[in-house]
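J.: Okay, here's what each chain looks like letter by letter:
Number of protein chains: 2
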Amino acid sequence: MSSKRSPRRQFLKNGAALASFAAGAISSSSGKLFAADVPSADLHAYGQRSRFENDVRIGSLALWPIVPGARRDYGFRSPLQDSMGIITPASLHFIISHGHEPPDIDSRDHQLMIHGMVDRPLIFTLDEIKRLPSVSRLHFLECHGNSAAAGITGEPRKLTSATVQDTHGLTSCSVWTGVPLTLLLGQVGVQKGASWIVAEGSETGRHTKSIPLEKAMDDCLLAYGQNGEALRPEQGYPLRLLVPGWQGINNVKWLRRIYVVDQPYMAMMESTKYPSPRLDGKSRWFESEMGPKSVITRPSGGQQLGSRGFYEITGLAWSGGGAVRRVEVSVDGGRTWKDAQLQQPIVPKAHTRFGLSWTWNGEEAMLQSRCTDDQGHVQPTLAELSKYWGVDADYFRLPPTTADMGNFNSIQPWKVSRDGSVSNALL
Amino acid sequence: MSSKRSPRRQFLKNGAALASFAAGAISSSSGKLFAADVPSADLHAYGQRSRFENDVRIGSLALWPIVPGARRDYGFRSPLQDSMGIITPASLHFIISHGHEPPDIDSRDHQLMIHGMVDRPLIFTLDEIKRLPSVSRLHFLECHGNSAAAGITGEPRKLTSATVQDTHGLTSCSVWTGVPLTLLLGQVGVQKGASWIVAEGSETGRHTKSIPLEKAMDDCLLAYGQNGEALRPEQGYPLRLLVPGWQGINNVKWLRRIYVVDQPYMAMMESTKYPSPRLDGKSRWFESEMGPKSVITRPSGGQQLGSRGFYEITGLAWSGGGAVRRVEVSVDGGRTWKDAQLQQPIVPKAHTRFGLSWTWNGEEAMLQSRCTDDQGHVQPTLAELSKYWGVDADYFRLPPTTADMGNFNSIQPWKVSRDGSVSNALL
Chain A
1 MSSKRSPRRQ FLKNGAALAS FAAGAISSSS GKLFAADVPS ADLHAYGQRS
51 RFENDVRIGS LALWPIVPGA RRDYGFRSPL QDSMGIITPA SLHFIISHGH
101 EPPDIDSRDH QLMIHGMVDR PLIFTLDEIK RLPSVSRLHF LECHGNSAAA
151 GITGEPRKLT SATVQDTHGL TSCSVWTGVP LTLLLGQVGV QKGASWIVAE
201 GSETGRHTKS IPLEKAMDDC LLAYGQNGEA LRPEQGYPLR LLVPGWQGIN
251 NVKWLRRIYV VDQPYMAMME STKYPSPRLD GKSRWFESEM GPKSVITRPS
301 GGQQLGSRGF YEITGLAWSG GGAVRRVEVS VDGGRTWKDA QLQQPIVPKA
351 HTRFGLSWTW NGEEAMLQSR CTDDQGHVQP TLAELSKYWG VDADYFRLPP
401 TTADMGNFNS IQPWKVSRDG SVSNALL
Chain B
1 MSSKRSPRRQ FLKNGAALAS FAAGAISSSS GKLFAADVPS ADLHAYGQRS
51 RFENDVRIGS LALWPIVPGA RRDYGFRSPL QDSMGIITPA SLHFIISHGH
101 EPPDIDSRDH QLMIHGMVDR PLIFTLDEIK RLPSVSRLHF LECHGNSAAA
151 GITGEPRKLT SATVQDTHGL TSCSVWTGVP LTLLLGQVGV QKGASWIVAE
201 GSETGRHTKS IPLEKAMDDC LLAYGQNGEA LRPEQGYPLR LLVPGWQGIN
251 NVKWLRRIYV VDQPYMAMME STKYPSPRLD GKSRWFESEM GPKSVITRPS
301 GGQQLGSRGF YEITGLAWSG GGAVRRVEVS VDGGRTWKDA QLQQPIVPKA
351 HTRFGLSWTW NGEEAMLQSR CTDDQGHVQP TLAELSKYWG VDADYFRLPP
401 TTADMGNFNS IQPWKVSRDG SVSNALL
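In the order they appear, the protein sequences are chains A and B. Going by the numbering used here, the residue at position 90 of the first sequence is 90; the numbering climbs one at a time, nothing skipped. Going by the numbering used here, the residue at position 276 of the second sequence is 276; the numbering climbs one at a time, nothing skipped.
Hints may contain errors.
[Claimed, not checked] Covered, in the sense of this in silico footprint (three residues per stretch, anywhere, with C-beta under 8 Å from a C-beta of chain B), are these stretches of chain A:
1. 86-97
2. 241-247
3. 254-264
4. 311-321
[As the list claims (entries may be wrong)] Covered, in the sense of this in silico footprint (three residues per stretch, anywhere, with C-beta under 8 Å from a C-beta of chain A), are these stretches of chain B:
5. 130-143
6. 179-188
7. 344-355
[Claimed, not checked] If you want a taste of the chain B side facing chain A, the calculated C-beta under 7 Å gives, among others:
8. A45
9. F52
10. R57
11. Q111
12. H115
13. E229
14. P233
15. Y259
16. T336
17. W337
I should point out that these hints are in silico values taken from the structure, not numbers from a laboratory. Every residue gets a Cβ at the ideal spot worked out from N, C-alpha and C, and that includes glycine.
So here's chain A without its partners, still in its complex pose (with noise of 0.2 Å):
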């Protein structure tokens, strides 16, 4: 795969237009060059970060038993607790996957398939694509797994040592560039009484997604593009589709066809696995839109204050069902609370970054951040969540094979202790 790639490797691909660009520039200049103690132009093709820095995506694998025998599911986690802005480096973006490693896609072979209830069934190569008007809009995504207690890397939310990575840290955010899907469902022509898309990836498992037609022609996007370059393969390259607000699920990878039809098509994700059970037997189908959450970011599980005195609380808010409106921080456990300072930009559907200075006065302190969204709705305490679902808080507490509860969106408070260590507290 891609990423076992050296930068060596890399360079040498592009060694030819490299050399035919330096050549010209020798020319023009005189022969006035020296090649001796001059930088290689190898170092400076593609940079990599700073040997001193040392953040990476953490996860782990499990087997899903719902197949027996067929699934192998891996999640890695994006380090939150050194994120700056809004913006996730695509090389430190979160990774869910049902089993099956990216394929490895040539973008000048691929090709999007649009079918079933249309007038004008189309094929589009990713050129034809790429030559129609495209817009870039920055989105998070998030795993509608995230810091449930159930996750596919395990229970992190129970372990008093989780960090924020490891509770929170299956939501991104990215600037995505793409074409509306609204304009390519517009030249195949949708059919009346058609109600809902099919969206089907490349990969070996062809993971397939329902979406209500109604999303799919409100903001959802055909992305090829990730904060200013192509995809990365693990976040679908060279196309995928974009569906914002909504459960990481939905956002289909390697995306190669889509099927307009007239009903749901109960898709293994979505007849298997995302379905939020319930304690009598029944399910939750086809939940959608990620509710209000936010996160304190820093100071939080894992890390250590090093002394008294002022420090920036710092996090990240976000919603499905638009911008964030609000973000309060307490820092005594939820009696009291204080607006924190919203950064620009806040863009719906996209996480928003909040700041509040506080002055540690080496007490015991419980951190906690609540987001209320431009709808009005507000983020929960994980009692409200429980009550609010009509089950208690063992709920969420079990075992991911009977149980595997999305939509987690509970306020999580960390503890800072008098020596300055900080734990987790939503136990």
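Guided by the hints, dock chain B onto chain A, whose structure is given.
T.: Positioned in the frame of chain A, the structure of chain B alone reads:
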């Protein structure tokens, strides 16, 4: 240097942390893990791009003869022809160096001293700076020699075959995270009578730049983050000065010292290279703000239109004086103009993406764009620029030994030939 490390080595450095997390995950999923047929963790620790994506910075080396035998400069240009949206990936951000490779700094050892005409000279560690309230701001950087005839990489503007990377690749745009400089100047207490700061880098050559105190107190930033992660070494890791809208040379990298003074210091880069010589033998000194500028990035030099029909003409516009208010596009060499659509966000002193739908009829066309900023300043043609400075167009063709024209913001025409090839028409 860091650029030489393989992802594998990087992973090994983090082996301990990953191993301990994986162990936790295993214990919480009751040993139900498959060790075989699953991705190895290092593939996903810090992702790489697809092996089918080959954009690289290109550059060349030049000897500046002003200081005999001493300076070996190099510039690496960003591949604007494939840019998407307005964010430049850190790996592809342009680089200018006046003869020195990035110093290999461990951020834990780095310090910033602020002294001179201040009440309380102070030394800040990077950790102390990071404890302060942070801001994230979108800003372009541009080398003052970008697009000039006498650029660091020779004279690409004069080549028919020049690409937009050759002609305009010395500008990039990032989200910079850091602390407003005013905050630290407030802590040290600037004394009455002070009117300039002198900023100094940590590299071998100790690049030094005088900046008016008024600008320093306005919107300058001490940046430690770029696009959501730590600065890259080539961009000043771990700390750089950001002087929004001003010539790139002001944005001192690897920043270690700020000296508050009452006059400019006539440092090497402000006395020997950056004043723009005039034909009468005098020079313009301390030019700073970059003028309104734009360029079409697609279609652009070296590209090939595949067939007649629909294309989006798209590009970037920016101004050191403020926000882009309007971009007009002409497809007939400037006889008629149409307003392009500006994409959100439109941020002062940042790149702004514009687009205009165009149907190519197969005939020769001359594409160009013109930026107007919110100060009402309009990007000039080459002829207007020449007239403004009281010299003819040949002025800009003098070799680098005699004229180092900076702030060259002429309109850039691209010629589309009947065979669909696109070439540089600013000759």
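J.: Each hint should be assessed against the structure and marked as holding or not.
T.: Going through the hints against the structure:
Beta-carbon proximity to chain B at under 8 Å applies to 10 residues in the stretch 86-97 of chain A; the threshold of 3 is reached and the given coverage holds. Figure legend: the stretch 241-247 of chain A, annotated as covered by chain B; annotation inconsistent (0 residues with Cβ-Cβ distances under 8 Å, at least 3 required). Restraint check on the stretch 254-264 of chain A versus chain B: 0 residues with Cβ-Cβ distances below 8 Å, three needed, restraint violated. With 3 residues carrying a beta carbon less than 8 Å from a beta carbon of chain B, the stretch 311-321 of chain A meets the three-residue requirement, and the given coverage holds.
As drawn, the stretch 130-143 of chain B meets chain A at 6 residues by the rule of a beta-carbon pair under 8 Å; at three or more, the given contact holds. Under the rule that three or more residues need a Cβ within less than 8 Å of chain A, the assignment of the stretch 179-188 of chain B is violated, with 0 such residues. By the rule of at least three residues with a Cβ nearer than 8 Å to a Cβ of chain A, the coverage given for the stretch 344-355 of chain B holds, with 3 such residues. For A45 of chain B, the interface hint holds, since its Cβ comes within 7 Å of a Cβ in chain A; the closest pair sits about 4 Å apart.
With 7 Å as the threshold, the beta carbon of F52 of chain B comes within range of chain A, its nearest partner Cβ sitting at about 5 Å, so the hint holds. Hint status for R57 of chain B: holds, given a least beta-carbon distance of 6 Å to chain A, under 7 Å. A cut of 7 Å between beta carbons decides the hint on Q111 of chain B: the least distance to chain A is about 15 Å, and the hint is violated. The beta carbon of H115 of chain B is not positioned within 7 Å of any beta carbon in chain A (closest approach about 22 Å), and the interface hint is therefore violated.
The beta carbon of E229 of chain B is positioned within 7 Å of a beta carbon in chain A (closest approach about 5 Å), and the interface hint is therefore held. The criterion of a C-beta within 7 Å of any C-beta in chain A is met by P233 of chain B, whose closest approach is roughly 5 Å, and the hint holds. With a least beta-carbon distance of about 26 Å to chain A, the hint placing Y259 of chain B at the interface is violated under the 7 Å criterion. Look at T336 of chain B: its Cβ only gets to about 21 Å from chain A, farther than 7 Å, so that hint breaks.
A least Cβ separation of about 19 Å between W337 of chain B and chain A goes past the 7 Å threshold, and the interface hint is therefore violated.
Going down the numbered hints, you'll see the structure goes against 2, 3, 6, 11, 12, 15, 16 and 17, while the others check out.
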